[in-house]
Amino acid sequence: MPFTPKPHAALLIVGHGSTENPDSSTPYFEHADELRKRGLFAEVHCCFWKEEPSMREAAYMIEAEEVYVVPDFISEGYFTQEVIPRELELNGPSTERGGKLWHYTLPVGVHPSMTGLLLQRAQEVAPGVDPAATTLIVVGHGTGLNQNSTKAIKDQVELIKQSGAGYAAVLDCYMEEQPFLAGWDQMAPTPNVVVVPFFIADGLHSYQDIPVLLGIESEVGEAASQREIFRHNPHHLRGKTLYYSSAIGTGRNIADVILDQVADFDSSRS
Amino acid sequence: MSIATRLSTAADAGITRIGQIAFLPAAGEWRHRLCHVEDAADAENTGSLECHDGPAAARDLSTWAEDGHYRFTKGELSLKRGWLMRLRSPEELLNALDGFYPAAVSLWLAEKEGRLEIQHLRAKLNRQTGMYRFARDLSDAGAQKLVREVCGPGNCCVKKILWQLDESTPLEDSPATRYDGVVGDDVPRSTAIPLLCREACNHFVAEARKAAKEEKRATA
Numbered sequence: 004m005p006f007t008p009k010p011h012a013a014l015l016i017v018g019h020g021s022t023e024n025p026d027s028s029t030p031y032f033e034h035a036d037e038l039r040k041r042g043l044f045a046e047v048h049c050c051f052w053k054e055e056p057s058m059r060e061a062a063y064m065i066e067a068e069e070v071y072v073v074p075d076f077i078s079e080g081y082f083t084q085e086v087i088p089r090e091l092e093l094n095g096p097s098t099e100r101g102g103k104l105w106h107y108t109l110p111v112g113v114h115p116s117m118t119g120l121l122l123q124r125a126q127e128v129a130p131g132v133d134p135a136a137t138t139l140i141v142v143g144h145g146t147g148l149n150q151n152s153t154k155a156i157k158d159q160v161e162l163i164k165q166s167g168a169g170y171a172a173v174l175d176c177y178m179e180e181q182p183f184l185a186g187w188d189q190m191a192p193t194p195n196v197v198v199v200p201f202f203i204a205d206g207l208h209s210y211q212d213i214p215v216l217l218g219i220e221s222e223v224g225e226a227a228s229q230r231e232i233f234r235h236n237p238h239h240l241r242g243k244t245l246y247y248s249s250a251i252g253t254g255r256n257i258a259d260v261i262l263d264q265v266a267d268f269d270s271s272r273s
Numbered sequence: 034m035s036i037a038t039r040l041s042t043a044a045d046a047g048i049t050r051i052g053q054i055a056f057l058p059a060a061g062e063w064r065h066r067l068c069h070v071e072d073a074a075d076a077e078n079t080g081s082l083e084c085h086d087g088p089a090a091a092r093d094l095s096t097w098a099e100d101g102h103y104r105f106t107k108g109e110l111s112l113k114r115g116w117l118m119r120l121r122s123p124e125e126l127l128n129a130l131d132g133f134y135p136a137a138v139s140l141w142l143a144e145k146e147g148r149l150e151i152q153h154l155r156a157k158l159n160r161q162t163g164m165y166r167f168a169r170d171l172s173d174a175g176a177q178k179l180v181r182e183v184c185g186p187g188n189c190c191v192k193k194i195l196w197q198l199d200e201s202t203p204l205e206d207s208p209a210t211r212y213d214g215v216v217g218d219d220v221p222r223s224t225a226i227p228l229l230c231r232e233a234c235n236h237f238v239a240e241a242r243k244a245a246k247e248e249k250r251a252t253a
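Which chain is which? The protein sequence lines are V and B, in order.
Quick note: to get this note's numbering, add 3 to the position in the first sequence (first position is 1).
Quick note: to get this note's numbering, add 33 to the position in the second sequence (first position is 1).
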């Protein structure tokens with residue numbers, strides 16, 4: 004459904020950012036650029052936990068009296084439920100503060116439209132590869148500290164299974180909790196394996212840590228933007244043909260998911 | 034009046050500096066032009082600087098220092114030289130400066146208008162959770178020391194610190210706390226937009242966490 008423009012409202016995209024890797028914040032700026040070009044909001048801004056502008060600084064950049072805050076995060080958890088509301092002083096779905104009305108949407112990663120993006124990415128990374136002979140692995144960080152962090156991925160795996168895309172197997176794997184990604188070749192029953200990192204950015208995890216866990220590289224490499232030679236698919240490893248994608252959030256089509264979250268927020272209020 | 038219009042009006046009225054960026058005179062359709070302060074004298078020599086039309090390159094130009102390190106705090110005194118940015122409108126000027134110095138113009142205007150809320154260090158540390166909650170334990174002496182070691186031009190940050198330890202405890206006098214957020218002693222202060230630090234940054238909080246843990250280890 005086409006998005007109804009909000010010429011009097013601001014959009015504030017909240018990202019994590021990094022003090023070590025500038026690639027971490029690139030997708031957020033690209034999502035903001037994409038939405039700015041579409042002219043659907045009076046203003047579009049980004050803010051970060053680890054970079055500038057901070058969430059509290061960004062509040063001074065906003066001139067509109069109505070603000071949609073969209074966490075450009077992959078799952079609900081510590082950041083979306085604790086850090087962002089605290090830093091932006093939000094006390095519920097809508098908060099009146101400082102002469103503005105702040106709306107707080109769900110994070111992009113939990114929206115059902117992510118399923119389409121995952122399938123699109125899997126097809127792009129392994130063009131012409133028969134899904135019936137392929138295992139699709141959606142990989143996340145995982146942490147024993149918060150069950151919510153894996154829920155978004157488990158939900159997506161179920162949605163992909165039900166989508167009729169025809170993959171022989173669809174699995175969720177994690178860097179730091181079971182099932183561990185390091186055993187991908189044992190878990191995948193097919194000769195072909197497609198791995199899509201369920202992260203927003205190509206940061207330390209998707210370009211440095213995961214390639215080591217997969218066995219593509221033997222040690223952690225440089226940040227993505229500093230690499231001279233990009234990875235080339237497919238990789239023939241451990242008796243399988245492996246196709247490794249960049250992080251799902253690096254696509255400009257995440258801008259559509261941001262709009263979906265804003266539209267869903269409005270629908271839930273009406 | 035919008036932030037962009039207020040900025041543009043200030044530029045027309047004589048603002049010539051922000052951080053390590055110089056505002057150059059308008060030239061034809063280019064209402065605003067920016068370059069590194071150390072390139073300003075050569076900026077009119079055609080071809081001596083890499084020209085960028087529009088604000089899009091601001092983020093890339095401000096991401097890496099000359100020696101290749103990542104400038105994760107944009108107040109760092111390490112902005113790359115060799116570029117000229119030409120801008121057509123107040124909105125493009127604001128977008129460019131928000132790329133180089135995120136939120137700096139908005140914070141400056143808020144301060145001028147008495148709207149800027151300062152968050153003192155204790156309040157900032159006390160609201161930390163997760164792995165950063167240990168930062169709360171940092172002693173006052175440790176915090177004062179950390180300001181000297183992390184902030185100010187001696188440590189490469191050229192923002193003016195507005196916060197105190199708490200409501201009644203100012204930061205101890207040091208080059209870091211004396212710094213006024215304007216790069217260059219020769220610049221008339223009325224012609225510069227100072228870079229303002231309204232609360233300790235997350236880099237400082239991360240360092241506070243480390244220092245607090247070190248204090249605990251030392252007394253154990």
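No lab work stands behind these hints, which were simulated from the structure alone.
Being a predicted model, the structure only gives us computed values, none of them experimental.
A few of these clues could be false.
[Unchecked claim] Below, a list of computed lysine-lysine pairs in the DSSO-like style, where the Cα atoms sit at most 27 Å apart: (1) 193/B x 53/V; (2) 103/V x 246/B; (3) 164/V x 154/V; (4) 249/B x 40/V; (5) 249/B x 193/B.
[Said to hold, decoys possible] Covered stretches of chain B (in silico footprint by chain V; criterion: 3 or more residues with CB under 8 Å from a CB of chain V, positions within the stretch not fixed): (6) 155-169; (7) 229-243.
By construction, the Cβ of each residue, glycine as well, lies at the ideal position given by its N, Cα and C atoms.
Against the structure, the hints:
1. 193/B x 53/V: At roughly 20 Å apart (the allowed maximum being 27 Å), residue 53/V and residue 193/B satisfy the hint.
2. 103/V x 246/B: Violated: residue 103/V and residue 246/B sit about 39 Å apart, past 27 Å.
3. 164/V x 154/V: Judged against 27 Å, a Cα distance of about 15 Å means the pair holds.
4. 249/B x 40/V: violated (51 Å)
5. 249/B x 193/B: Judged against 27 Å, a Cα distance of about 30 Å means the pair is violated.
6. 155-169: It holds: at least three residues are needed, and the region 155-169 of chain B offers 3 whose Cβ sits within less than 8 Å of chain V.
7. 229-243: holds (count 6)
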